[in-house]
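Engineer: Could you put the whole structure together from the sequences, leaning on the hints where they help?
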Amino acid sequence: MRCNYACGSHDSLSRRSFLGGTAAGALSMLGFQGMTQATAAKQLAAQQKQVVVFWLSGGVSQLETWDPKPGTETGGPFLSIPTSAPGVHISELLPYTAQQMHHLALVRGINTKENNHAKGAYIMQTGRKEQPGFAFPYLGSTFSHHLAPPNSPLPGYISVGAGGSSAESTFLGPRHAPLVLSGGRAPNNLGRHDALSEERDLLRRKLRSQVSQRFEQKRKTAHTEVYNESFDQAAALMSRSDIFDFSKFSDKDLERYGKHDFGRHCLMARQLIEKGVTFVKVGHTNYDTHSENFNFHIEQLGEFDRPFATFISDLYDRGLLEHTLIICMCEFGRTPRINSRIGRDHWGSAWSIALGGAGIKGGAVSGKTNETGTKVIDREVNGGHLFHTYYQAVGLDSTEEFYPNGQPIAKADPKTEPIKEILA
Amino acid sequence: MFRPNMRVYVSLLIVFSCPTLVPHLVCANSATKADEPLVASKPTLPVVRRISSLIDEQIRKGTKDYAKLASPVCSDAEFVRRVYLDLTGRIPTVTQTRAFLDDSHPDKRATLVDQLLESPEYARHISQRLDVMLMERLRKKYINVTLWEEYLRDAVAENKHLDQLVREILAADGSGKGQQAEARFYLARDGDVNELTRDISRIFLGADLTCAQCHDHPEVADWKQDHYYGISAFLVRSFVFTDKKKKQTVFAEKAEGEVKFESVFEVRDKTSKGPETTLPVVFNGPKVDEPAFKKGEEYKVKPAKDVRPIPKYSRRAQLGDALTSSQNRRFARTMANRLWAMVMGRGIVHPLDADHSDNPPSHPELLELLTDEFTASGYDLKWYLRELVLSKTYQRSSSNELFASKSDQELSDAQFAHAILKPLTPEQFSRSVLEATGQAEVYRQSLKDKLSEAALRKNLVGYERQFVSLFGGLPGEPVEGFETTADQILYLSNNGSIQGILSPRSGNTADRVLKIPADQPEQIAEELYLSVLSRRPDATETQEVAELLAGKTGTARNDMVIDLVWALMMSSEFRFNH
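Chains G and W, in that order, are what the protein sequence lines are. Once you know that position 192 of the first sequence is 192 in this note's numbering, the rest is easy, because the numbers rise by one and skip nothing. Once you know that position 78 of the second sequence is 78 in this note's numbering, the rest is easy, because the numbers rise by one and skip nothing.
These aren't lab readings, by the way, just hints derived from the structure by calculation. Yeah, the Cβ is synthetic: ideal placement off N, Cα and C, and Gly gets one too. Only true hints are included.
Some chain W residues close to chain G (C-beta under 10 Å, calculated; not the full set):
| id | residue |
| --- | --- |
| 1 | T210 |
| 2 | A404 |
| 3 | D413 |
| 4 | P423 |
| 5 | G473 |
| 6 | E483 |
| 7 | S503 |
| 8 | D563 |
| 9 | H578 |
List of simulated lysine to aspartate or glutamate pairs, EDC-like, C-alpha gap at most 20 Å:
| id | chain 1 | residue 1 | chain 2 | residue 2 |
| --- | --- | --- | --- | --- |
| 10 | G | K218 | W | D413 |
| 11 | G | K252 | G | D305 |
| 12 | W | K302 | W | D243 |
| 13 | G | K206 | W | D559 |
Label-pair restraints from in silico Cβ distances:
| id | chain 1 | residue 1 | chain 2 | residue 2 | range |
| --- | --- | --- | --- | --- | --- |
| 14 | G | Q213 | W | S104 | 32 to 38 Å |
| 15 | W | S75 | G | K206 | 25 to 31 Å |
| 16 | G | Q213 | W | R60 | 28 to 34 Å |
| 17 | W | D190 | G | K206 | 45 to 51 Å |
| 18 | G | Q210 | W | S263 | 55 to 61 Å |
| 19 | W | E150 | G | Q213 | 40 to 46 Å |
| 20 | W | K141 | G | Q213 | 44 to 50 Å |
| 21 | W | S75 | G | A195 | 31 to 37 Å |
Structural biologist: Written out as structure tokens, the structure is:
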């Protein structure tokens, strides 16, 4: 994501007032090492709401997932199957997910009017249409900001196999930018160099911060602040490197989740949620099926279905689902019309997402499309409605405002409201 | 006030004042020549026209109360670091910094600029900046990247006119022996017409037309779907062709093919019954007419299986000329603005690819002046950069006492009343780390007689690659502005290769500092600060260093020095070109 129009370089002051204080500095960050991690994790588990987004990049077909239309000209070859939620049918490509349907709600009336990958992704992850002059933070950064305990040594937003850019946090600052575990690996260089003692490491960072502060006295910029904060973030990561130890998954778990990248990424996400990370994004890709839509969906959903369902069931078994909101989404759906290459193209006009867990009424369905899936005929919603819903599901008031640059910016589009019928 | 005919007057003035410059150039050079093998000895830049003062004039006029708001002209220390970074891509060596700070000649800034512009490091650095601008860190595809890099470096070294360079790149199909490198622009993008249309408009025309592919731009009234397809029309007949016998991939072309477009929103023209088409055209310029051939006579080499067709008339061959033609002012304007942003830290039109009437330039007259002058110079890169860095605007301090009291609006970067903090590019950062630790110096000493820019670069390029992969962003989406991630900081903090070059070894910074007797803390602090931050420490900083080292011997002293180098090198002061 490129830096947007709004990346002014002197927005630091207002951001500072927005954050309610300057970066506390490396030393205060390290203070949290004293807190026992087990206690911290328990507290988090008891009180904190968490969020997991499954991002199916490229745009999964709503017809092959949440809103099947078997037997119609647009429906494709697959059947729909009953689920654990009475009356709710989904595509036969998701048999495991169907068994978890009582935990999930469907929104079938989405119309984002956007068929461009980047712009669609922007709408779905910020709740707004892209607009020049202002860059909204992505939901990972937003929820990290709202839900992560202010002094937590954990990163608030971790992206597993889903990419991400430090620009996503915009005015919320780098503390809420995604930590990208590229290739699903723990960050490199996480351990202190052998030549350094903890004491030396601490001292040299303190010195670094002093030199920087002297320099910045008469040079006020957001960039230097961002740079300083990233040192704090790195220190925090080093102090909680345990959350990235992914070596201890049992053979049984690896088997249950499937021995492929996505299965492993779901397991990693489970661990990150267990350890108290506020927001985790897991990616699964290759849904941009302009040709051979059906073969691709057999393959991709075949890989997706079981680990996704297992993840939900595991979170439920561990009592984590109650306070973890799960959202399964992408940038848009796919055209009902099947093209000459047996593909489906980009379609933002009538499509679906699934969500579940914290604050969501399991088994609920909102919205309806017509018989061939070309149009929303009941309860049309867009990115704004979805954002109100996410906020309210985790217990936040979605009608409040942000104050970047001193101007009030609504958290979610004020022209829209939450999808109450799926809220618990 | 400053109409083009002003140029004549200004040129005369410069020609007359020129002789006074010459003796300084010579004597300053002879003083530094012996220890500066990387810097050419005798700048031979013709001083044609000076526009630096006109730049300052326009900037001053652009802001009410400019005199009150503007930062003072920067110190020599700020200048020497800034200009080395901007023109050679690295901080100066400790020797170069000392020599410059101790030089008392009033014209030493201009002298230094001329030396740097003639250095091989200038060619390397500027060509790298052009590379990132043109290729956005796209990976290798079909064309050898080193070949392309060397082509750009040679072009900058010989100061090839920028319009000429662009024409060569856009004319290249990769088939000729001498011009395979140039074809990288097309081939790395796999010849994709939409990707090329988008990138050509963005990079060369300051217009991100992405949204105009499917309909007139929804937010920018100036940008129409016709503009998008006008550019596409040059390229629509081209395709990537692999010659199996020669094992060579080229950008080939057919004799037929038109762009077809209609708005996804509405019928553009009520009378039209289907998709429209257009001849090749660059924005609002003249449409490029083309010869008609009888059917069957369009080709020099007809298309056939495994044969590369060659049409008698090439649409693509017209693109470079149309783009750089005097009838297309957007090209000169975009280039003048891009180079300005590279040096000043922000475009006069900003963002750089949003040049349209709803996003006016901060200093319209200045941009007109720069466009005129850059064109008149024949797109002379060296002349243009020289004028920019010799302006007072460039030489303002980044520090401003008013930052604490003025609002963001009053001290906006767009006023150019202070120097803007520019994050070091990955290449600048890597080279500067190697200079600050003295690792580059270690290599220089080991190369001895064989020392050249190219030989030194061979030793350093491995480090550069690590920095670029971490700091450079994704291919096709390079970092713009400033992004900093925990990954980068973890690398700088914990990676063995950084820790490794900090340790004392003969001739590097830690080694030099440790050799200064412990009872001379002022010298120690000075060596440290000059090596890493290219300036002398103030009293507080000297005292801090003295206290940290007081009573320390052996390993403890060793470690302290290493940690000081690291701490200074990781500071904001080092991370930004200020």
